[in-house]
Amino acid sequence: MSEKKSSLYRKEALDRLSSPEQLDEAIVITGSGYWAALAGLLILIATAIIWAFTARIPTRIEGQGILFSGGGQMVDAISMASGTLSSAGSPVGTKVRKGDVLAKIDQPDAAARLEIARTQAQAAYGALEALRREQAAVAEARQANAEARKASLDAQMRAAEQRRAAYEKLVGNQEKLAAGGAMTALAVQQTREQFASATLDIATARTGLLAISAEEFAAQSEDQRRLFEQNQKVLLAEAEVKQLDLQLSLFGKVTSPADGTLVEWKAPFGAYAPAGSRIASIASGEGSLQFVLYVPPAEGKRIAAGMLVNVELGGLEKEQWGTLVGRVLSVSEFPATREGMQATLQNDVLVARFSKEGAPFSVVVDLERDAATVSGYRWSGGTGAAAALSAGTTGKARITIDRRTPASFLLPLLHKAFGA
Numbered sequence: 000m001s002e003k004k005s006s007l008y009r010k011e012a013l014d015r016l017s018s019p020e021q022l023d024e025a026i027v028i029t030g031s032g033y034w035a036a037l038a039g040l041l042i043l044i045a046t047a048i049i050w051a052f053t054a055r056i057p058t059r060i061e062g063q064g065i066l067f068s069g070g071g072q073m074v075d076a077i078s079m080a081s082g083t084l085s086s087a088g089s090p091v092g093t094k095v096r097k098g099d100v101l102a103k104i105d106q107p108d109a110a111a112r113l114e115i116a117r118t119q120a121q122a123a124y125g126a127l128e129a130l131r132r133e134q135a136a137v138a139e140a141r142q143a144n145a146e147a148r149k150a151s152l153d154a155q156m157r158a159a160e161q162r163r164a165a166y167e168k169l170v171g172n173q174e175k176l177a178a179g180g181a182m183t184a185l186a187v188q189q190t191r192e193q194f195a196s197a198t199l200d201i202a203t204a205r206t207g208l209l210a211i212s213a214e215e216f217a218a219q220s221e222d223q224r225r226l227f228e229q230n231q232k233v234l235l236a237e238a239e240v241k242q243l244d245l246q247l248s249l250f251g252k253v254t255s256p257a258d259g260t261l262v263e264w265k266a267p268f269g270a271y272a273p274a275g276s277r278i279a280s281i282a283s284g285e286g287s288l289q290f291v292l293y294v295p296p297a298e299g300k301r302i303a304a305g306m307l308v309n310v311e312l313g314g315l316e317k318e319q320w321g322t323l324v325g326r327v328l329s330v331s332e333f334p335a336t337r338e339g340m341q342a343t344l345q346n347d348v349l350v351a352r353f354s355k356e357g358a359p360f361s362v363v364v365d366l367e368r369d370a371a372t373v374s375g376y377r378w379s380g381g382t383g384a385a386a387a388l389s390a391g392t393t394g395k396a397r398i399t400i401d402r403r404t405p406a407s408f409l410l411p412l413l414h415k416a417f418g419a
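Using numbering that gives the first Met the number 0, the letters of the sequence shown correspond one by one to residues 0 to 419.
Just so you know, these hints were derived from the structure itself, not from any lab. Among the clues, some could well be false.
[Unchecked claim] Computed list of lysine-lysine pairs in BS3-like fashion (alpha-carbon distance at most 25 Å, straight line):
hint, residue 1, residue 2
1, Lys300, Lys241
2, Lys265, Lys97
3, Lys395, Lys265
4, Lys252, Lys94
5, Lys300, Lys265
6, Lys252, Lys241
7, Lys94, Lys265
8, Lys265, Lys175
Sequences and hints are given; from them, build the entire structure.
What follows is the structure, encoded as structure tokens:
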């Protein structure tokens with residue numbers, strides 16, 4: 000009886016398990032939670048995929064720097080001559096006017112040429128004065144000699160004129176006597192020869208006087224020629240002196256090309272600067288602040304003008320105050336030297352801090368303005384400083400060089416993991 004009852008229970012259990020209605024009941028009891036979890040997982044996966052291909056993760060470069068007074072256009076002060084920067088210029092942040100002297104340049108070659116030119120000019124002027132004295136003395140002696148010769152010739156000519164007049168009268172009388180037979184023709188002829196001789200003496204004296212005048216004219220012309228040539232030497236030497244003096248005084252100064260603020264020294268003092276070298280950078284404009292930061296040498300070439308920059312100033316916590324917003328204005332072409340940084344920062348500690356990873360690139364950041372804030376500048380992620388900002392404040396900055404989707408980071412890893 001018990002075996003029959005046990006067999007009955009087993010058959011009943013088998014019938015229940017094989018019944019479609021019972022199977023449906025089992026699915027209803029266990030399936031609702033499963034499908035909810037599956038749907039949630041699918042939504043999460045879809046959201047992750049959408050986020051991976053639509054979200055943007057910024058790629059940033061970080062550097063340290065300092066606030067400078069700037070604004071407007073960046074212009075460079077150029078050296079007009081080759082030489083050594085000899086005098087310490089104004090500190091960075093100084094307000095300058097167009098034409099202000101920023102630095103001086105020693106030009107030893109030009110200075111040496113100037114000394115030589117001055118010596119030559121003095122020698123040329125001395126030679127001119129000596130020539131004038133010499134010519135004055137010679138002219139005086141020559142004039143005395145000419146006057147004596149003229150006096151002698153004048154006397155000879157007057158005596159000859161008197162003889163000729165006497166012989167002329169005598170010839171007339173003798174011709175009358177010879178016509179009456181009272182005098183021979185030979186005597187008349189001799190008198191005529193005396194008359195001709197006196198006439199020749201007059202002509203000779205006159206020729207001598209003309210020769211003396213010609214000699215005086217030639218001597219004076221030669222004196223004037225020599226004076227002119229020596230005077231030209233003096234003028235040329237003086238012109239050389241003026242040119243070199245102008246070069247030293249005008250080209251020996253590095254002047255500001257515009258009104259603005261001195262933001263950077265590009266050449267260290269004591270260094271040699273060829274003509275045309277960029278000595279300093281001037282930010283034209285009034286009142287604006289700029290942030291000059293230094294980035295590691297490996298990152299400098301990745302930065303371009305116009306990139307977004309967030310500046311966190313020292314003493315102003317980012318979580319409370321936020322960060323200043325700016326754009327890259329310019330990037331140095333070459334890494335900065337310690338001398339150049341020292342010329343800009345005027346601070347050994349800052350130079351060491353900003354260059355601890357090697358010779359950095361310098362980046363000038365133009366800060367965006369916002370009249371609604373106390374500081375007058377735009378802030379991101381906070382209310383901003385509760386007071387005006389001042390040049391000389393240090394801080395760090397992050398430059399956003401790119402924005403990429405998360406998928407762009409994952410795909411190379413997947414490709415590397417599973418292989419092509």
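Output the numbers, in ascending order, of every earlier hint that fails for this structure. 1, 8
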